[in-house]
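Participant: Protein chains in written order, with full-length UniProt numbering: chain B, 1 to 426; chain E, 1 to 426; chain Z, 1 to 426; chain P, 1 to 426.
Hints listed in this document are in silico derivations from the structure and should not be mistaken for laboratory results. One or more hints might be untrue.
Same chains, same names: a pair is fine if it fits in one copy or spans any two.
Here are the simulated DSS-like cross-link-like pairs (lysine-lysine), alpha carbons at most 30 Å apart as the crow flies [unchecked claim]:
| # | residue 1 | residue 2 |
| --- | --- | --- |
| 1 | Lys56 | Lys236 |
| 2 | Lys274 | Lys216 |
| 3 | Lys236 | Lys216 |
| 4 | Lys236 | Lys274 |
| 5 | Lys56 | Lys216 |
Computed from a prediction, not measured in an experiment: that's the story for all the values here.
4 protein chains.
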Amino acid sequence: MPYDAHTSVADLRRAFHRHPEPGWREFRTTARVVEELESLDVDDIAIGREALAPDKRMAVPSAAELEPWLEQARGAGVRSDLLDRMEGGYTGVVAVLEQGPGPTVGLRVDLDGISMAESSDDDHRPTAEGFQSEHEGYMHACGHDAHIAIALGTIDAVRNSDFSGTLKVFFQPAEEISGGGKAMAEGGYADDLEYLFALHIGLDHPTGEIVAGIEKPLAMAHLTATFEGASAHAGKAPNEGGNAMQAAATAIQNAYGIPRHSDGMTRVNVGRIKGGTASNVIAEEITIEAEVRGETTGLMEYMRTELERVCYAAAEMHDCDVTPRVISESPRADSDPALRELVGSVARNVQGVHQVTETTDFGVSEDVTYLMERVQAGGGLASYVLVGTDHPTNHHTPTFDVDDESLEIGVAVLSNAIRACSSQRP
Amino acid sequence: MPYDAHTSVADLRRAFHRHPEPGWREFRTTARVVEELESLDVDDIAIGREALAPDKRMAVPSAAELEPWLEQARGAGVRSDLLDRMEGGYTGVVAVLEQGPGPTVGLRVDLDGISMAESSDDDHRPTAEGFQSEHEGYMHACGHDAHIAIALGTIDAVRNSDFSGTLKVFFQPAEEISGGGKAMAEGGYADDLEYLFALHIGLDHPTGEIVAGIEKPLAMAHLTATFEGASAHAGKAPNEGGNAMQAAATAIQNAYGIPRHSDGMTRVNVGRIKGGTASNVIAEEITIEAEVRGETTGLMEYMRTELERVCYAAAEMHDCDVTPRVISESPRADSDPALRELVGSVARNVQGVHQVTETTDFGVSEDVTYLMERVQAGGGLASYVLVGTDHPTNHHTPTFDVDDESLEIGVAVLSNAIRACSSQRP
Amino acid sequence: MPYDAHTSVADLRRAFHRHPEPGWREFRTTARVVEELESLDVDDIAIGREALAPDKRMAVPSAAELEPWLEQARGAGVRSDLLDRMEGGYTGVVAVLEQGPGPTVGLRVDLDGISMAESSDDDHRPTAEGFQSEHEGYMHACGHDAHIAIALGTIDAVRNSDFSGTLKVFFQPAEEISGGGKAMAEGGYADDLEYLFALHIGLDHPTGEIVAGIEKPLAMAHLTATFEGASAHAGKAPNEGGNAMQAAATAIQNAYGIPRHSDGMTRVNVGRIKGGTASNVIAEEITIEAEVRGETTGLMEYMRTELERVCYAAAEMHDCDVTPRVISESPRADSDPALRELVGSVARNVQGVHQVTETTDFGVSEDVTYLMERVQAGGGLASYVLVGTDHPTNHHTPTFDVDDESLEIGVAVLSNAIRACSSQRP
Amino acid sequence: MPYDAHTSVADLRRAFHRHPEPGWREFRTTARVVEELESLDVDDIAIGREALAPDKRMAVPSAAELEPWLEQARGAGVRSDLLDRMEGGYTGVVAVLEQGPGPTVGLRVDLDGISMAESSDDDHRPTAEGFQSEHEGYMHACGHDAHIAIALGTIDAVRNSDFSGTLKVFFQPAEEISGGGKAMAEGGYADDLEYLFALHIGLDHPTGEIVAGIEKPLAMAHLTATFEGASAHAGKAPNEGGNAMQAAATAIQNAYGIPRHSDGMTRVNVGRIKGGTASNVIAEEITIEAEVRGETTGLMEYMRTELERVCYAAAEMHDCDVTPRVISESPRADSDPALRELVGSVARNVQGVHQVTETTDFGVSEDVTYLMERVQAGGGLASYVLVGTDHPTNHHTPTFDVDDESLEIGVAVLSNAIRACSSQRP
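Okay, chain B solo, but in the shape it has when bound:
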């Protein structure tokens, strides 16, 4: 069921696959989504600042990091009127389809690719069939290209269906860096949602399987901390200055030692470090990048607070300053059983679906939880639906790919679930 005469959902996904853009730099992707929405004749298209709470964006790159991607989009002939509205990294779209009285239903997908070079191997289908990434060093290796295509296909399907109500589709930027979820959740469009569907493809589930609602995404926070001391000559004046290297090492050792929590699973990692100038100079500045996670938002906050305490004390110990900064964060939110049930019963009737799984544990983090949390706080229901796809290798690997067949299944499940919402209403 192609969403229009000349473009199948699979073709559309291939188009997006060619131009992966990292978080807050989805200029070309956003513009293409807008053009597709225009051709679908939706009722409202909010772009960038209109779609987001501008001051709630997290993990926004510097102007110097944004610029080349904007230029690249401009160079590729992307419409200036659209790019102008995205300047400063205000990517992302919300599309609204108004179709009579009935519930307001949301669907959220994500736009960004990741910084990983795509495989040029002949066995890799995107390479073999000529739709591999044209942005060197970047790739849609997590299926967000498929998510976008399914969302567009779903809009088309709903538009042509008996759905009565309002559909809002959130094309969220910067999911990989947990940067866009909060801004989209607080941008206004989510305020009146009675139902929210989120979508992920694959995750080791094959084509034909649907998971009606994922549970237990971990709450997460990503932090950086720069220890600032004072340099001195390590031979002549080892006692002078403040040794940022010792402060950072002490902080790292103790970060991993933050106690396990009796209420459930926690995580901590210091994944990057950089600093110092030369072996014979007491290091003046060391920056670490860390993350903490928790099975609940509270557990994540416990870890974050402890990590901050560790950093402050380590700095004090070595006469340094530090201000840990939260770069991005996402809470935990679970799928509502009632909405999971609706998805399950709809999915069982979709052609190509062989197995419907009620729920699975997610085990990692996703900032769609900000949207889910907001909807649930307002009394609405949310479910994070998994559409199985045969993927040759793991997500976030250079040979990741998806199965075309699963895309149509995704459109069918989601559009039927959305339609079912309108008949749920009392």
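Since the structure of chain B is already known, use the hints to place chains E, Z and P on it.
Facilitator: This is chains E, Z and P only, laid out in the frame that chain B set:
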């Protein structure tokens, strides 16, 4: 040259060797010194509180630790009138010999033994000749017994000489734990000293060698720190409480990492640790005992300040409290070249002296430096004289012993040096 | 339903409450159990070595620690023939009741008290009613006294019932230190069990509630590690020797940093530390006591292996030796759903039972898992039954107590469950 | 006394000041030295491989780092015949002046600048007078430009003097990174030296002061260590892989904790660190750059060995690999008193010299010690001469400069010292 008709200096030293007592518990030793002084008919004998600044004592044992030693002395028939004046650990004596107009000259020796079982080996002379320690687990293994005997012999020699002036001899308690030096320096008797001699025997120099004045005793501070957190069940509530074990481990690691100092040599050690209740309980309380040293008093203070900072920050990191306490401390003070010269020229004329060494580096710590510092601050001169002795094994070993011959040499060098002071005067 | 004419289960529990004895030192307790069993006329009574695999005992105290407890029992008039059989810390009993053809059913309870002074508060019922601990500093603060009494009551009830088969009751020593479970599991008596019931009282469940089978006791290992370096004078030779203090601190810091595991919950704690001789001596020997736990036996083993690796590397880093030793250990074992169901259906018909809970998570460790594991490995079924009791304060607190009423309920539930086993048989 | 008619030593120093080049990249500097030597008509000029033991070079940059500097020299019109001989970073020159029978005397100076942007402040004389660095980000901020000019002036002065013997002047590359000293010491030219003078300017001594021979340069080693573990997803699989971040933090903490040494001063510093890919990935690779120093070569080797041990154990603890690599190293060597005396007596007769200081402690490191050590091992004498200069700010600061007057003084002192060597000969 025995100091009186019936007791040689060597015999006297053997008497003291039999009854080693640890710091602030030199009850029997003090009483015996007083009795010897009485028989020497000195002009003033100040005991305990009279000889010391009572509130400047450091590293004073608890009442429970003092009591058994007081009882033991009482049980051995030591005079009650003397013991009563020492109650509470106020040991130590200052003897004053007034012998006409002239300079006020000081001599300082130390009284305490150490907690080490003396060798019962037949090759060990004190055992073979029957004067080994009668206090099990304690021993005069650093030669303080010899120091006392030499001091008494010196008083006798000076008394019978042409010395004109005042001689004050300080029998200081608690040298091994750096506890008595400050109290004696500030007890009043040192205020008018124009010259001060301190004495140590041995230190790897043989009988017949005199070192006119030792240099560079290290400044030292001995600290304890108790990390107090809150216990919790390690299985059920690992996140609760405050983990004193983690705080202590962090402090220890960082204590050893206190930077070397460009101004000179420093030392740090955490030598003892104890705490916690069971493997399945988050440790509530851990106590460490540490020391720092420095080539100068300033360097020691740098180390002490940094160690305290490390402890405070480590406690804060793990939600514990800590108050590092300085148990004892000693500054650095060096021998004055002018007085070294006087000692050297005197020593060269003493029978049995084969070698006079101008100076050597001490390398460890001694709280006589408080007295030296006080004398030097008042414009006086001080020298820390080393009297060589053939000792079979190192100081602080169970088979340490001294050579009788060196005792007479010590008396001759010191009494002649004291006499020389009176002729120095303009 | 008192188990004999003159002694109620509650009275019996009070008798045991008076004489708490720690692990492997339950001399008086064992003897009293034996006497009760004799009066109950059971068919076989195995004591100490006969009841246990002698070489599988763990966490056995030293002779010096055992002796005073044996002497105390002797002094209290405990039968010599019994004490002689327990010499060396071979406490514990297995009682066998042979009652015709049918299944072999086991029941396991534990004997030891803990080292905690019992409250002398008037509000504390044992104190108010005069049955508080007569062993100063020790207390039955976890309900093992109740367990013993219920087990004896159960034997009496089964003996007088229609039960056909064999009942074996395991009175296990040293549960609190995870020392006796393995020895009892491998002592021979557990080899032919088709059913095994274990028992715990309280754990925050009120009188009238039964939990049919507890899940998820944590697997646990308790270890000690002694870091052995070489001492040296911290001022004169800081570079000599091997610093056991630094090795231990490094090990502790890194022990807490052992990574969380994706398969489930883990725990690590270093709960005690001791070592070193003086602040001015490089520490030659430091001993730590640690424990690790895991949601599964495999997770515990991961933690134990990592902890050992940390210790070895820390020792190597500081030129020390170390040999981590496992003092005691217990695996994870869960209650079988089929046996849980049997307990549940029996419990629902017991007077006084208001609520039957299918299962709960245990969250800590118990070495009954050795017995459960053995029975399950042989094809048998095991369930760890919780008998609710109103307890005024937490287990392991000085004011812990149990509700008399719950004791009779425990006897009824367990004896009826045991009877039900014989009718289960095909 | 300009060394030729049209160029003063000061002008020459300005010329070298304009083109600072870092270690092993002194292409233009080497070529200019060669051209000056040609005009001075010396007897032998050895360049690069001929002047050095090629396989003893240390801290050699990669081809990618060498290339731009070679290209820059080529672009500036430097003679190809010279550049070709230096390809691969074989910079450096030895000049030989044969002037009849007599001793073989060496003089060593260094060629490299440092990576520091020179001040563009109007108060900075090189800027004000137009001879500031033309290589952006690089500067002669330690006076090596002055050293070269003085050496060339000295050759000219000796050539025109009564000196009888052989003079060898070593223009050593890569002093700042301790890379060239060993290669030059072992290149053959130093084998027959009877006397060696090394030269440094400034170091807080004013114009008019000469230090006849510097003592106690610290022995030094510069190391890197890359901890290689295995990456894993920090949320999904924290227990997998080997955490290079934890290994590095453990190594750093323990590196600073390497015990002080009783034999003398030591130093340790970890000055740079870099590694890891993202906050949510267990770090696979972390590289640290460290240095150790010692008051003697033995003490440096103690520190290096301990640092290596720490790295290996830290890697093992966290299941990582590491191979610490020594990048460069220099021993300790002191000036010979006899040669110091010669320099002192010569210097006292040089116009402009107001003060001759016998010796001072250097306190940092210098790889000229390789040459000194070699000469001394062969029975020769070496002295490291300091020529005072008024320098407005510290060495290694952007406003460092030297006083022209001191350059002529340097030439006079060194050429007269060299002449004096020939008359020393018996």
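Participant: Evaluate each hint against the coordinates.
Facilitator: Quick rundown of the hints versus the structure:
1. In the homo-oligomer, the alpha carbons of Lys56 and Lys236 lie at most 30 Å apart only across protomers (27 Å), although the nearest pairing inside one protomer, at 48 Å, exceeds that limit.
2. Taking identical chains as interchangeable, the C-alpha atoms of Lys274 and Lys216 are never at most 30 Å apart, the minima being 33 Å within one chain and 34 Å between chains.
3. Proximity of Lys236 to Lys216 under the C-alpha cut-off of 30 Å is restricted to the inter-copy arrangement: shortest distance 13 Å between copies versus 55 Å within a copy.
4. In this homomeric assembly, Lys236 and Lys274 come within 30 Å of each other (Cα to Cα) both inside a single copy, at 24 Å, and across copies, at 25 Å.
5. When the C-alpha separation of Lys56 and Lys216 is checked against a cutoff of 30 Å, the pair qualifies only within one copy, where the shortest distance is 24 Å, while the shortest distance between copies is 42 Å.
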